[in-house]
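Novice: So the chains spell out like this:
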Amino acid sequence: MSETTSTPAAPTPVVAPPGLVNIQVDGKWVQVPKGTRVIEAVSKHGTYVPRYCYHPKLSAPGNCRMCLIEMGSPKMGPDRKPILDAAGYPEIAWMPRPQICCSTDVSEGMGYRSQSPLVDECRKGVMEFLLINHPLDCPICDQAGECRLQEFSVEFGRGESRFIEEKVKKPKKVELGPRITLDDERCIMCSRCIRFSKEIAHDDVLGFTQRGSHTVLTAYPGRKFDNNYSLNTVDICPVGALTSNDFRFKMRVWFLKETKSFCTSCGTGCNTTIGSRENVIYRQTPRENNDVNEVWMCDHGRLNFHYLQDAKRLTQPLLRLPDGRSEEVSMAEAVREAAAQLRHFKGEEIGLLASGRMTNEELFLAAKLKRILGIEHYDIVGRPQQPDDILVSDDGNPNTRGAQLFKLTGESPGRFAPVVASKVNDGVLKALICLGEDAASIGAKPEALQKLSSLIVLDLLPNASTAAATVVLPGAAFAEKRGSMINVKGRLQRLNQAIRLPGNAGDDWEILRDLIAALDGGNGIYTIEDLFQQMAAEHPQFAGLSLSKIGDLGVPLP
Amino acid sequence: MSRRFPHPRERRLVFKNVDREGWTNDIQAYLNDGGYDDLRKALSMKPQDIVNEVKTSQLRGRGGAGFSCGVKWGFIRPDEKKPVYLICNADESEPGTFKDRYIIHQDPHQLIEGMVISCYAVNARLAYIYIRGEFPEGARILEKAIAEAHAHGFLGKNILGSGFDLEIYVHRGAGAYICGEETGLIESLEGKRPYPRIKPPYFPAVLGLYMSPTIVNNVETLCNAKHIVRMGGAEFAKIGRPNNTGTRVLCVSGDVQKPGYFEFEVGALTMGELLYDICGGPKPGRKIKAVIPGGSSAKVLRADESYKIKVKQPDGSMADKMLPFNDIVLDFDSLAAVGSMAGSGGVIVMDDSRDMVWALNNINEFYAHESCGQCTPCREGSLWMKKISDRLVAGLGVQGDDKNLLNVADNIAGRTICAFGEACSWPVQSFLQKFPDDFKAAAKNHLPEGARTALEALAPEVPHGREALAH
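Going down the list, the sequences are from chains A and B. According to numbering that gives the first Met the number 0, the first sequence is numbered sequentially starting from 0. According to numbering that gives the first Met the number 0, the second sequence is numbered sequentially starting from 0.
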């Protein structure tokens, strides 16, 4: 060998920046953050890895075996150092057996294959095993259309069954709790619901009994699966085993229109998807927002939409005639009449009961109304409540922060509401405006309400105040309008309209705008965007924002 | 069982006192025989030195997997901050295996002494004997022996003045095979369903009982610790063959004239010697057809077959050699070389009167019944295999059953959380591989007149069975 021939330079190992590791996914090297679960990294950089038991918010038991992939570690040389290829990446020593990728994090120099004959064979095998004892009753299953068994059957299922044995028989229609019905034959024993109950709901009430293919999901003897988070298990159940008593057999999911919204049942403001069809809401499900509710919501909030479809819903503007009868009028007429009535009183004679359930836009206008009329006695109805350490807030109002921002309440929300009520009862107030709240709920006596010269009530359902109202203005519920609210953590979030207003009801902000216009002349607000703009102009917290800029996940306010 | 005397070719080490003349299982008999002297010796040694002796001994685990005991103990760091636990796996459940129960019944103090020594070596202050629920008498005997050992200062605080403390508790299982899988055992001991843990990360030596380092050893393995301390690791390693040291208790059951338990130096005899010289050969007029050499999950071997193995030549190269069945040496490596395993030492013999389809169905039934149900392939596959072989036995085979059976097994092995996947699929794979004609014959279409499907034939009472299958 001549002196001039140099040995090829040893390749320089590729070093990932701090916090990242080099991994090979389906033949290409990528850098991913340390601590990334392999299934997430491979699904992102390779192909989507099918899974049943794995859920990013729960512990990983590795039991469904659907995520088996090929894995390998750096091939070591005699010097116990990785053997590098020309590019400086380690050669991979592939393990002969497939490995699950849901339970381990990425590590330096590892190789992963999400596509290979072995991987395909594993997925097909597991898919077949999951289906042989499954009832295959998709036509009548509520999960149909959003079922992982259906989804992965398309990719990994066999064209026809070779299972000619009798299927395992298990309990059907098991009342697991007041809101959940279980079909044990559909269950694929992924244990997501068990882990959710233990790890998220802190109520370790679910478990398996029996063994082998005869395993059944059940609640602890003598206990019910009745915690306030039970319906989340219906969402995370990858199959139709757990169904919601409220939703089951009501509507095929593929007919549902999905509207992004948030829950207005407390100050947390869990992000939701409203499922509706032809102006009827069928369900509300949580939507992922890791700054608010992760992927969960409480049962109370989830089911708190049926009042929108209540038969007693106010859908017609009404005027009370001197003889006590009611007259149906148009919304424009009702608003004109309300303005006409309010003009007769001095500021100190008018009370205003606003609500922490109103949107910022509505509250902004209510504050304007208060100013125009010179109202001195006002507040919202406070809703302090018992929080849990999961999602339920100690504030039952979704927008107390908004009411505070527009100075319709103070540091102690609702503190002055009883004062308003007593002034109604004592006859000091001659007129009262109730925006989405019943004055009786804060202590106003029904007979005192009857004696008011003017009682303007904007609400959704009949109550003592609407019964005594001189003008009834039927308004819009959270799913029937657009607008924004600020949750207890100061996050600005947006409501989107899922369904139309019922009957002759009006959108609250439009009613308020028209009332103000009738009292004080036009204000140039034609759309809710105009309104938001004006609000942002007067309140620097909203500077630079618009309804569309709030986005689906909301924004933290300064 | 009537008293038996050791066969002259046996070497009784662990089974020394089993069926011994005049022997009882109380502590006095044990002490009269020099019992607990090895413990005294161990306590005079440094724990790390005992671990090293066990490493030198090359002792391999007697539970089934044959993992190096010294390596396992070596996983425990001497400066470990968490508590270290030791668990004796007395859940002897592998069909064909009945060695540990004789140690427990007849020589419990040997086990306890072995356990105290082992605990001292790995610095465990709390140990459990997890005994299968079907051994109530064994549990009573162990409780009595533990009380006796306590009374003599071999357990409890400051054992024999050494400063070492240890308590041993007996925990009875509730009748589940899976509790013999070490991580399933640990879950059960923690009061949970015995779902085996995923490895990684839950290797017992790192994250075992209560997420603390834990050593899980078989009864026979722990007994050997005592003999290693007495003899020294190097002396122990002289018994048997390299990498296959010590003695092994073999439990022979099935179609031989003299079944029973025997203790031999590992690799000291061949299959033929065991079956014919020790066990008296087949019953009159019969021929041995097949042998499962290491408990029911081990792959079956055909008695009329020769096995291709690799043999080292004088020049160091490897060459193929055909090895007749009777010449297979009974040790870990030789049985692995012919495609099976030494496993738990349970040798199940079947003669030519046995129907291989029936035999496999019997095994399938066991594993379908014992699958814990945690992970999909084993949960669904074990029962499916049983249902197919049920039909084959009932004469209701369908063309393709043999291929499907094998394919189902292939879809289980290597894809499950624990080794049960292999335990239930290896019998199927090996029976089909070794006796393909038997299964092919059973898988001919045998459905009765009028029945189009197996389901209709087997379960005519199922409503709409015909319609359900038509779709």
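Because the hints were derived from the structure by calculation, they are not lab data. One or more of the hints may lead you astray.
Said to hold, decoys possible - 20 Å max Cα-Cα, derived PhoX-like pairs, lysine-lysine:
#, chain 1, residue 1, chain 2, residue 2
1, B, K286, B, K257
2, A, K123, B, K320
3, A, K450, A, K422
4, A, K249, A, K171
5, B, K320, B, K309
6, A, K197, B, K191
Novice: Determine for every hint whether it applies to the structure shown.
Specialist: For each hint, the structure was consulted:
no.: 1; hint: B/K286 <-> B/K257; verdict: holds, 15 Å
no.: 2; hint: A/K123 <-> B/K320; verdict: violated, 39 Å
no.: 3; hint: A/K450 <-> A/K422; verdict: holds, 12 Å
no.: 4; hint: A/K249 <-> A/K171; verdict: holds, 19 Å
no.: 5; hint: B/K320 <-> B/K309; verdict: holds, 6 Å
no.: 6; hint: A/K197 <-> B/K191; verdict: holds, 14 Å
Checked against the numbered hints given earlier, the structure breaks only hint 2 and satisfies all the rest.
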